Amino acid sequence: MISIFNKNKSHGIHPPESNISINKKIEKAPIPKQVILPLSQHIGAPSKSIIEIGDLVKTGQKIAEPGSYVSVPIHSTISGKVTKKIQTVSSVTSNVVEAIVIESDGKDEWIKTKKNNNPLDLSNDKLIKSIQDAGIVGLGGATFPTHVKLKPPPEKKIDTIIVNGCECEPYITSDNRLMIEHGKEIINGLKIMIKILGCNNAYIAIENNKPDAIKTINEHLKTIKKDEYQIEVISLETQYPMGAEKTLLKRILAREVPIGGLPMDVGVVVQNISTLYAIYEALYLGKPLVERVVTVSGEINKPKNLLARFGTSSEEIIYYCGGIKQNANVMIFGGPMMGISQVSLDTPIQKGTNSIHIRRDEKETESNCIRCGSCIETCPMSLMPFMYVLLVKNKKYSDLKNYYIDNCVECGSCSYGCPAKIPIVQYIKTGKSELLKRRSKK
Amino acid sequence: MNKEEIKDNIKMMVSSAPHISDKGKSTKRIMLIVCFALIFPTIGGIYYFGIYSLFVVLVSVITALLTEYLAKMIRKKEFVMDGSAIVTGMLLALVLPPRIPLWVVVIGSAFAIAIIKEAFGGLGHNIFNPALAARAFLAISFAGMMTKWINPVSGIITLDSVTTATPLSNNFSYTGSTSDLYLDLLIGKVGGCIGETSALLVLIGGLILLFLGVIKWRIPTIFIGTVFLFTFLIPGQDPIFHILSGGLFIGAFFMATDYVTAPMTPKGQYIFAFGAGVFVVMIRLFGSMPEGVAFSILIMNAFTPLIDRYVQTKPYGHIPSEKKGLFKFKKSTKTDNKESLDKNNSKVKNDKK
Chain C
0 MISIFNKNKS HGIHPPESNI SINKKIEKAP IPKQVILPLS QHIGAPSKSI
50 IEIGDLVKTG QKIAEPGSYV SVPIHSTISG KVTKKIQTVS SVTSNVVEAI
100 VIESDGKDEW IKTKKNNNPL DLSNDKLIKS IQDAGIVGLG GATFPTHVKL
150 KPPPEKKIDT IIVNGCECEP YITSDNRLMI EHGKEIINGL KIMIKILGCN
200 NAYIAIENNK PDAIKTINEH LKTIKKDEYQ IEVISLETQY PMGAEKTLLK
250 RILAREVPIG GLPMDVGVVV QNISTLYAIY EALYLGKPLV ERVVTVSGEI
300 NKPKNLLARF GTSSEEIIYY CGGIKQNANV MIFGGPMMGI SQVSLDTPIQ
350 KGTNSIHIRR DEKETESNCI RCGSCIETCP MSLMPFMYVL LVKNKKYSDL
400 KNYYIDNCVE CGSCSYGCPA KIPIVQYIKT GKSELLKRRS KK
Chain F
0 MNKEEIKDNI KMMVSSAPHI SDKGKSTKRI MLIVCFALIF PTIGGIYYFG
50 IYSLFVVLVS VITALLTEYL AKMIRKKEFV MDGSAIVTGM LLALVLPPRI
100 PLWVVVIGSA FAIAIIKEAF GGLGHNIFNP ALAARAFLAI SFAGMMTKWI
150 NPVSGIITLD SVTTATPLSN NFSYTGSTSD LYLDLLIGKV GGCIGETSAL
200 LVLIGGLILL FLGVIKWRIP TIFIGTVFLF TFLIPGQDPI FHILSGGLFI
250 GAFFMATDYV TAPMTPKGQY IFAFGAGVFV VMIRLFGSMP EGVAFSILIM
300 NAFTPLIDRY VQTKPYGHIP SEKKGLFKFK KSTKTDNKES LDKNNSKVKN
350 DKK
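These protein sequence lines are chains C and F, in that order. Under numbering that gives the first Met the number 0, think of the first position of the first sequence as 0, with each following residue one higher. Under numbering that gives the first Met the number 0, think of the first position of the second sequence as 0, with each following residue one higher.
Calculated from the structure, these hints are not laboratory results. Please read all numbers here as calculations on a predicted model, not as lab measurements. Among these hints, one or two may not hold up.
Anything over 12 Å on all C-beta distances counts as not near chain C; from chain F, calculated [unchecked claim]:
1) Ser-25
2) Ile-42
3) Ile-50
4) Met-72
5) Ala-142
6) Ile-149
7) Ser-172
8) Thr-220
9) Gln-236
10) Asp-237
11) Ile-298
Label pairs and their in silico Cβ distance ranges [as the list claims (entries may be wrong)]:
12) C:Ala-44 - F:Ser-15: 20 to 30 Å
13) C:Lys-392 - F:Leu-305: 14 to 24 Å
14) F:Met-12 - C:Glu-16: 19 to 29 Å
15) F:Phe-231 - C:Lys-392: 37 to 47 Å
16) C:Asp-120 - F:Trp-216: 54 to 64 Å
17) F:Met-12 - C:Asp-211: 29 to 39 Å
18) C:Asn-207 - F:Trp-216: 26 to 36 Å
19) C:Asp-360 - F:Leu-211: 20 to 30 Å
20) C:Leu-284 - F:Leu-211: 47 to 57 Å
21) F:Arg-74 - C:Glu-16: 35 to 45 Å
22) F:Arg-308 - C:Asp-360: 35 to 45 Å
23) C:Lys-114 - F:Lys-266: 58 to 68 Å
24) C:Lys-47 - F:Trp-216: 58 to 68 Å
Subject to a maximum C-alpha distance of 20 Å in a straight line, what follows is the list of computed EDC-like cross-link-like pairs (lysine to aspartate or glutamate) [as the list claims (entries may be wrong)]:
25) C:Lys-420 - F:Asp-21
26) C:Lys-83 - C:Asp-54
27) C:Lys-57 - C:Asp-124
28) C:Lys-47 - C:Glu-97
29) F:Lys-27 - C:Glu-365
30) F:Lys-10 - C:Asp-345
31) C:Lys-113 - C:Asp-124
32) F:Lys-76 - C:Glu-51
33) C:Lys-420 - C:Glu-376
34) F:Lys-27 - C:Glu-361
35) F:Lys-10 - C:Glu-314
36) F:Lys-313 - C:Glu-108
37) C:Lys-392 - C:Glu-365
38) C:Lys-32 - C:Asp-107
39) F:Lys-27 - C:Glu-363
40) C:Lys-420 - F:Glu-77
Backbone N, C-alpha and C fix where the C-beta goes; we use that ideal spot for every residue, glycine too.
Work out the full structure: start from the sequences and follow the hints.
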């Protein structure tokens with residue numbers, strides 16, 4: 000076991016654990032009457048539409064092709080008729096993106112899916128191709144196309160796979176429920192990953208506030224052959240942001256990803272458990288990625304873990320969960336630490352939406368920095384967040400690089416613990432975008 | 000709630016991440032904890048030097064608050080009752096001699112807030128610790144009054160005073176065993192400033208700050224440790240006497256740990272505390288003044304911006320290069336990296352077993 004006094008113990012914070020939906024079984028959300036499917040639900044080039052207005056589509060039918068290598072196709076999540084193509088505001092980047100609107104015929108007719116009981120017999124290239132074809136991206140929230148992660152450049156030897164089941168943001172329980180209810184499928188997904196990467200050493204990292212998930216995964220691990228797979232569950236102390244891949248990597252392997260690098264630079268691939276479940280569904284059941292588990296929690300009447308189709312509007316989901324409580328006025332896609340607030344109730348859930356969190360806005364006014372140093376103490380990346388506030392306030396953007404601003408993962412630990420209630424992350428985001436503007440000018 | 004109701008009644012607002020914050024942490028709460036911790040040395044001051052000490056504390060706090068209010072009005076800023084003026088007022092009173100005239104207290108307290116704090120831009124912007132800077136100002140301006148020490152008095156409601164020397168001054172004499180002296184220094188039955196004589200009461204206040212997470216152990220430990228170490232190494236000096244006497248404890252726990260005027264990085268705090276300790280020993284042993292805690296902390300306050308500029312944290316994933324930084328690092332080669340990775344790898348595997 001990794002000792003508690005490990006020098007790689009990461010910095011971080013302990014937001015109150017409010018997992019009001021932890022014991023709610025995954026429930027299928029009703030098929031929506033209409034879905035809005037943005038063509039850019041992932042990091043990388045947007046997908047290119049291959050259908051026309053008026054076309055009839057079935058559930059799981061491909062409606063957009065990948066725009067480049069770092070991109071994935073998009074599938075229809077219901078059966079029905081394509082009614083229009085609209086411009087909508089992305090729920091992640093707030094940029095205007097193209098979206099396809101499909102009206103449901105109420106039948107939810109699927110395309111023909113091919114089951115395969117032994118996808119491990121397929122060649123690696125075929126496996127990676129089918130993963131891309133299924134539209135799979137990192138479902139932890141980053142939405143990086145999975146097939147790219149699974150095909151590292153040959154000079155980068157992968158020796159460890161880390162499966163991220165930490166789910167460190169408060170309130171979110173979707174990964175936890177998935178591990179409890181679909182542990183076996185997740186391990187089958189992991190086997191495929193192990194085969195593709197040709198690396199036998201895998202850790203499944205779960206925070207110790209999810210004992211049920213740890214137990215279930217351990218039981219399923221007993222059924223697989225010990226000599227064939229070296230898979231181990233690691234129970235980690237509950238701390239935010241343990242689920243950030245760089246923090247996790249350091250905690251488990253004592254390796255640090257070089258600044259500006261990727262985990263594959265130190266021989267590791269980190270994959271979220273929801274992604275593994277999606278890989279399982281794609282290769283064993285032939286199902287493309289059309290739905291995911293979304294935790295609906297916070298100031299809502301019936302908190303749930305919903306299996307919802309992409310493109311379902313948040314209004315529809317809130318309605319299904321009994322409406323929101325009085326005075327709640329903020330809707331967040333994601334968790335309360337890093338999630339993005341959405342103003343429109345029409346905003347559809349998409350591949351990266353692991354949670355809809357409703358809460359009351361309780362922002363306090365910012366006061367002077369008293370230089371207490373708590374932002375330095377809590378920063379998981381060992382940065383000096385107060386400097387960014389100082390430099391951005393004085394518009395000294397070019398100095399930000401000297402303080403490694405690109406290394407910031409925007410986890411929000413600094414703002415969370417700031418006694419002066421300075422929105423440090425906002426300043427960092429401003430600084431980063433100013434830097435980006437300067438770079439693109441050159 | 001039906002669908003129309005949801006659509007019509009809900010107006011969602013924009014909020015920036017993180018959407019939650021630690022309710023238990025605020026500037027006001029930190030200041031209130033410091034005030035609470037300072038009550039212990041204050042009680043000690045009243046007990047040893049009479050009720051007059053309480054007047055000194057009250058006058059100092061009230062002047063500090065009024066000055067801050069006026070300064071904010073002149074600067075056209077909103078006056079926020081964050082408690083920082085109360086802390087400054089209390090701290091200043093506690094490092095003044097017991098029979099200091101109240102008009103001197105008013106001058107000192109007003110100087111601390113108006114010149115040292117507000118003139119630099121208010122809370123968070125001052126370079127020097129306001130209470131200490133005001134004390135230094137008073138020590139220079141009113142040298143006679145600032146060095147008039149008295150013996151602890153018998154009753155609380157009394158203005159009697161027998162002039163005495165503080166333990167650190169040259170003409171201090173003590174009749175009794177060394178262990179008795181240590182005990183008197185610990186509980187405070189010696190001459191000195193209102194709040195600094197009892198090391199024990201200051202320590203209680205300091206430990207409250209430590210346990211409530213307001214201060215970290217680094218600065219007080221290194222500061223006191225440095226003084227102990229140097230007085231231990233220099234022949235003819237008694238290290239225990241040195242750490243218990245004078246204002247070292249109140250300086251180490253309440254003054255040097257002042258967030259605003261101390262470095263922010265852990266490494267910088269080590270340097271800061273070590274430097275302050277060295278200056279204390281130097282002033283006490285070689286300077287013309289008997290006590291040097293206030294001046295040594297002020298000197299290190301002046302170094303704080305420099306320390307913060309050059310002592311930075313090592314960010315995650317940082318590979319040291321020869322070009323950047325004040326100090327030169329050994330350039331790590333690829334093979335070095337690989338070896339350390341392998342080492343880490345095998346360590347993890349061993350851990351597993």
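Here is what the structure says about each hint:
no.: 1; hint: Ser-25; in the structure: violated (5 Å)
no.: 2; hint: Ile-42; in the structure: holds (27 Å)
no.: 3; hint: Ile-50; in the structure: holds (33 Å)
no.: 4; hint: Met-72; in the structure: holds (17 Å)
no.: 5; hint: Ala-142; in the structure: holds (33 Å)
no.: 6; hint: Ile-149; in the structure: holds (36 Å)
no.: 7; hint: Ser-172; in the structure: holds (44 Å)
no.: 8; hint: Thr-220; in the structure: holds (16 Å)
no.: 9; hint: Gln-236; in the structure: holds (33 Å)
no.: 10; hint: Asp-237; in the structure: holds (35 Å)
no.: 11; hint: Ile-298; in the structure: holds (19 Å)
no.: 12; hint: C:Ala-44 - F:Ser-15: 20 to 30 Å; in the structure: holds (28 Å)
no.: 13; hint: C:Lys-392 - F:Leu-305: 14 to 24 Å; in the structure: holds (21 Å)
no.: 14; hint: F:Met-12 - C:Glu-16: 19 to 29 Å; in the structure: holds (25 Å)
no.: 15; hint: F:Phe-231 - C:Lys-392: 37 to 47 Å; in the structure: holds (46 Å)
no.: 16; hint: C:Asp-120 - F:Trp-216: 54 to 64 Å; in the structure: holds (60 Å)
no.: 17; hint: F:Met-12 - C:Asp-211: 29 to 39 Å; in the structure: holds (35 Å)
no.: 18; hint: C:Asn-207 - F:Trp-216: 26 to 36 Å; in the structure: holds (27 Å)
no.: 19; hint: C:Asp-360 - F:Leu-211: 20 to 30 Å; in the structure: holds (29 Å)
no.: 20; hint: C:Leu-284 - F:Leu-211: 47 to 57 Å; in the structure: holds (55 Å)
no.: 21; hint: F:Arg-74 - C:Glu-16: 35 to 45 Å; in the structure: holds (44 Å)
no.: 22; hint: F:Arg-308 - C:Asp-360: 35 to 45 Å; in the structure: holds (38 Å)
no.: 23; hint: C:Lys-114 - F:Lys-266: 58 to 68 Å; in the structure: holds (59 Å)
no.: 24; hint: C:Lys-47 - F:Trp-216: 58 to 68 Å; in the structure: holds (59 Å)
no.: 25; hint: C:Lys-420 - F:Asp-21; in the structure: holds (9 Å)
no.: 26; hint: C:Lys-83 - C:Asp-54; in the structure: holds (10 Å)
no.: 27; hint: C:Lys-57 - C:Asp-124; in the structure: violated (27 Å)
no.: 28; hint: C:Lys-47 - C:Glu-97; in the structure: holds (10 Å)
no.: 29; hint: F:Lys-27 - C:Glu-365; in the structure: holds (13 Å)
no.: 30; hint: F:Lys-10 - C:Asp-345; in the structure: holds (12 Å)
no.: 31; hint: C:Lys-113 - C:Asp-124; in the structure: holds (18 Å)
no.: 32; hint: F:Lys-76 - C:Glu-51; in the structure: violated (61 Å)
no.: 33; hint: C:Lys-420 - C:Glu-376; in the structure: holds (16 Å)
no.: 34; hint: F:Lys-27 - C:Glu-361; in the structure: holds (18 Å)
no.: 35; hint: F:Lys-10 - C:Glu-314; in the structure: holds (12 Å)
no.: 36; hint: F:Lys-313 - C:Glu-108; in the structure: violated (56 Å)
no.: 37; hint: C:Lys-392 - C:Glu-365; in the structure: holds (13 Å)
no.: 38; hint: C:Lys-32 - C:Asp-107; in the structure: holds (10 Å)
no.: 39; hint: F:Lys-27 - C:Glu-363; in the structure: holds (13 Å)
no.: 40; hint: C:Lys-420 - F:Glu-77; in the structure: holds (17 Å)
Consistency note: the structure conflicts with the earlier hints numbered 1, 27, 32 and 36.
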